[in-house]
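**Q** Once you've looked at the hints, dock chain B against the given chain A.
There are 2 protein chains.
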Amino acid sequence: MTTHAISSLVNHQIRLASRPVGLPTDANWEHTQQGVEEPSEGGVLLKTLALSLDPAMRGWMNEGKSYIPPVAIGEVMRAGGVGTVIASKHPGYAVGDMVSAGFGVQEYLSVGAQDIRRSGLAKIDLSVGSLTQWLNVLGMPGMTGYFGLMDVGQPQAGETVVVSGAAGAVGQTVGQLAKIKGCRVVGIAGGAAKCDWVVKELGFDACIDYKAGPTAVRDGLKAHCAQGVDVYFDNVGGEILDHVLARINRKARIIICGAISQYNSTTAVQGPKNYLSLLVNRARMEGIVVFDYADRYHVAISEMANYLQDGRMKSKEDVVVGLDQFPNALLKLFSGENFGKLVLQVAN
Amino acid sequence: MTTHAISSLVNHQIRLASRPVGLPTDANWEHTQQGVEEPSEGGVLLKTLALSLDPAMRGWMNEGKSYIPPVAIGEVMRAGGVGTVIASKHPGYAVGDMVSAGFGVQEYLSVGAQDIRRSGLAKIDLSVGSLTQWLNVLGMPGMTGYFGLMDVGQPQAGETVVVSGAAGAVGQTVGQLAKIKGCRVVGIAGGAAKCDWVVKELGFDACIDYKAGPTAVRDGLKAHCAQGVDVYFDNVGGEILDHVLARINRKARIIICGAISQYNSTTAVQGPKNYLSLLVNRARMEGIVVFDYADRYHVAISEMANYLQDGRMKSKEDVVVGLDQFPNALLKLFSGENFGKLVLQVAN
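If you're matching them up, the sequences are chains A and B in order.
When you line the first sequence up against the UniProt record's numbering, it's residues 1 to 348, in that order.
When you line the second sequence up against the UniProt record's numbering, it's residues 1 to 348, in that order.
Since the hints were made in silico from the structure, they are not lab data.
Misleading hints may appear alongside valid ones.
Note that identical chains are pooled: a pair holds if it fits in a single copy or bridges any two copies.
[To be verified] As a list, the in silico DMTMM-like pairs of lysine to aspartate or glutamate whose alpha-carbon atoms are at most 25 Å apart:
{"id": "1", "residue 1": "Lys179", "residue 2": "Glu30"}
{"id": "2", "residue 1": "Lys65", "residue 2": "Glu37"}
{"id": "3", "residue 1": "Lys222", "residue 2": "Asp196"}
{"id": "4", "residue 1": "Lys251", "residue 2": "Asp324"}
{"id": "5", "residue 1": "Lys251", "residue 2": "Asp151"}
{"id": "6", "residue 1": "Lys273", "residue 2": "Asp242"}
{"id": "7", "residue 1": "Lys273", "residue 2": "Glu239"}
{"id": "8", "residue 1": "Lys251", "residue 2": "Asp295"}
{"id": "9", "residue 1": "Lys47", "residue 2": "Asp242"}
{"id": "10", "residue 1": "Lys179", "residue 2": "Asp324"}
{"id": "11", "residue 1": "Lys89", "residue 2": "Asp318"}
{"id": "12", "residue 1": "Lys332", "residue 2": "Asp310"}
{"id": "13", "residue 1": "Lys251", "residue 2": "Glu63"}
{"id": "14", "residue 1": "Lys65", "residue 2": "Asp219"}
{"id": "15", "residue 1": "Lys222", "residue 2": "Glu63"}
{"id": "16", "residue 1": "Lys314", "residue 2": "Asp324"}
{"id": "17", "residue 1": "Lys179", "residue 2": "Asp310"}
{"id": "18", "residue 1": "Lys200", "residue 2": "Glu41"}
For reference, chain A alone in the conformation it holds in the complex:
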C-alpha cells in the first residue's frame, strides 16, 4: 500500500470507557477513530479481518490483579484476531501475509519493531484451517482446550469426561479431542439445538441441556455418567460445578478453565459447596491459563490441523459482522445466545 493510500485510512476503535458492574452496557464503551500511519522500520501494519470474542474479556474489564493486567480505562479493548499485512518494513512479513495477533477491537494495528513478540504476531496457514477456525480450534480456545484437557486433565481411554459450555469454542474442542482419545464424553450446554448438534455432529456420547429444568443437570449426570466422572472440564462454575463434584470418581481431575456463570455477578462468587468431594475422592481441581503453553502451541496446532483435515474434528463459528456490533455481540456470550465460537467479522 502506498504512503498516500495508508494516510487516507481511518481506524475505527472501541475503547473501554468505564468498568462495568454486572453485564457490560453501552456506557462502558467509547467509539473512537484515528488516522493510520506507515509502519516504522522493522514494523508492520495490519488490517483486522476477524476478532475472537471470549468470556475471558469480561475479566479483563475488571480492575485488579489477574493473570494479565486489566484493560486500562481509555485503552482499545483487548482482543485476539486474525488479519492481513497491508504494509511491512519487517523482513519476515510481506504484504498479503495472513496473521494472528493481539489486534484489539479496531480496524488496523500498527506493530512497531520492538512490539512484534509482545503482539503475539504469527503467520497462519489458511490451507490447514479457515480464518475463523484460526480463532477457534487452531486459536486460543483450541489451545486452551487442548492443554487443559491433555496436560491437566490427563484423560485415559475409557474414562468419562464431562465438559460444560460444550457447544462453545473451548467445549467443542475438548469434547471432540476426548472422543479421539477414546473417552466417553458428556457435554453440558444450553438448549436442545446445541445439545443435538454436540451429539449428532460432534459425536459426543450425550449432552445435558441445563436449561431443561431445575433437576436437568443432576438427573442428566446420573443417567449419562453411570460410572462416575473422571475428568470435568469446567467453563461455567456455579451450580453445575457442584453437581459434577457430587459425581466424581476417585482421583478425578477437574480443570478450572472459567466460570462464565459468575463473571457478571454483582455479589460474591459462588464457591463450590461440594468441594469436600475432592477430599473424599482424593481428587484435584486445577486452574489453567493457556499462555503458559505458548512454546507448545505449534505441537497442538499441528495435531488439531490433522484432525480437521481427516474430518475427526469439526468446528462451528457464530459470526457477527461489523466492528460496531462488538458491544452487543459480546453480550451473546453471557446469555448463551451464541452457537459455536463467537467471532466478530471486521472486514472481508
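**A** Just chain B, lined up with the frame of chain A:
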C-alpha cells in the same frame, strides 16, 4: 490371662445411638457393657490403653457415602487406638505386645483370625516413640501430615508453607516436617498460647491467631507471607481457606485434608468463594485420604521416628482420662479447646 480371669472382665463401650444434627450431644451416645471372651483360634484379645480422637470422627457419624462407610446406629463408635495383647491364639502376637489397631471406643477388642488385616493390627515399638506419640506423629495424624505434605504438597526448599490447625495433631507434624524440608512455615491456630508454642517450641517462622480479630488472618497472611503462599495444608476450610486462596502463588498446591469449621454446620458447607484464584494462579487443590498410603506407612514412620530421636520433631498430646469422658472430650476438637493431639486415655 487365664480363661477365668478373662471371663470376669467387663467391656465398657460407647455406641452411636443416633446421628447428630450439628454438634454431637449426649443423646447421640449409648453407654453399654459386654462380657469378654477368649480369642478364637488365630485371633487376639486386646486391651485398650489410649484412643485417638480426631475431627474425622464427626464425618463418620453422618449417614451417606464417604471415603469409608458411616458408623452404623448401635455400633461401637469407630476409633483408632493403642493397647496391649492380653490373650493370643495368633503365632505373631504374644501377651504383652504393644499394638495399634482400630479399637473402637471400648475397653477391649477381640480380633478374630479373619479380621486381623481389617483391624489394622500392627505392633508398635515404644523405644522410638511414646504410647501417645504412636497416636500422633507416628500414627494416623502423622501419616496424614506426612503424605499430604510430601506427596500432594511437594514442598520445595525456600517455599512458603501455611498450615491451619497448626497446634493440632496433623498441623504440628506438617509444620515441623516442612521446616525440616527447608521451607518457610506459617501456622494458623486459635489463641496466643497455641501460637506461642508453635513458634517457640516447634520452630515455625510465624503463627497467626485466627481468634485475634476479624482481620487477623488476612493481615497475618499479608505480614508473614510476603512472598505469597506456595503450599497450603488445610484442616479447617471456611473463611480461612478463602483468605489463603487470595494469597497463593503461581502453581500453588492446596492440600484438602479437612474442614473442621464446617463439620457441625447445619446449613450447606461454605464453598471457597475465591476458588477462581486456582485459575488465575494455575494452582491446584487436591484431597488426601491417608489410607491410600498404607503400604508406605513404614517409610514415613521410620523417617519421623528419626526426627523424634534427634529432637527435630516434637509432639504435644492433650490427654483426657476415662472412657466415659469420650463424648465431652470429642467436643473439645470443635471448640478448639484441645491443645495438641487429643487422646483419650482408657487404661494405664
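**Q** Would you mind marking each hint as holding or not holding in the structure?
**A** Evaluated hints:
1. Lys179 / Glu30: neither (43 Å within a copy, 54 Å between copies)
2. Lys65 / Glu37: Close neither inside one copy (34 Å) nor across copies (67 Å); limit 25 Å.
3. Lys222 / Asp196: Answer is within; shortest intra-copy Cα gap is 19 Å, inter-copy 50 Å.
4. Lys251 / Asp324: neither (47 Å within a copy, 39 Å between copies)
5. Lys251 / Asp151: both (15 Å within a copy, 14 Å between copies)
6. Lys273 / Asp242: both (6 Å within a copy, 13 Å between copies)
7. Lys273 / Glu239: both (9 Å within a copy, 13 Å between copies)
8. Lys251 / Asp295: between (29 Å within a copy, 18 Å between copies)
9. Lys47 / Asp242: neither (44 Å within a copy, 45 Å between copies)
10. Lys179 / Asp324: neither (38 Å within a copy, 58 Å between copies)
11. Lys89 / Asp318: neither (35 Å within a copy, 76 Å between copies)
12. Lys332 / Asp310: For lysine 332 and aspartate 310, the Cα distance exceeds 25 Å both inside one copy (31 Å) and across copies (65 Å).
13. Lys251 / Glu63: between (36 Å within a copy, 23 Å between copies)
14. Lys65 / Asp219: between (38 Å within a copy, 18 Å between copies)
15. Lys222 / Glu63: between (40 Å within a copy, 20 Å between copies)
16. Lys314 / Asp324: neither (29 Å within a copy, 68 Å between copies)
17. Lys179 / Asp310: within (15 Å within a copy, 55 Å between copies)
18. Lys200 / Glu41: Neither: 52 Å inside a copy, 64 Å across copies.
Hints 1, 2, 4, 9, 10, 11, 12, 16 and 18, counting from the list given before, are not met by this structure.
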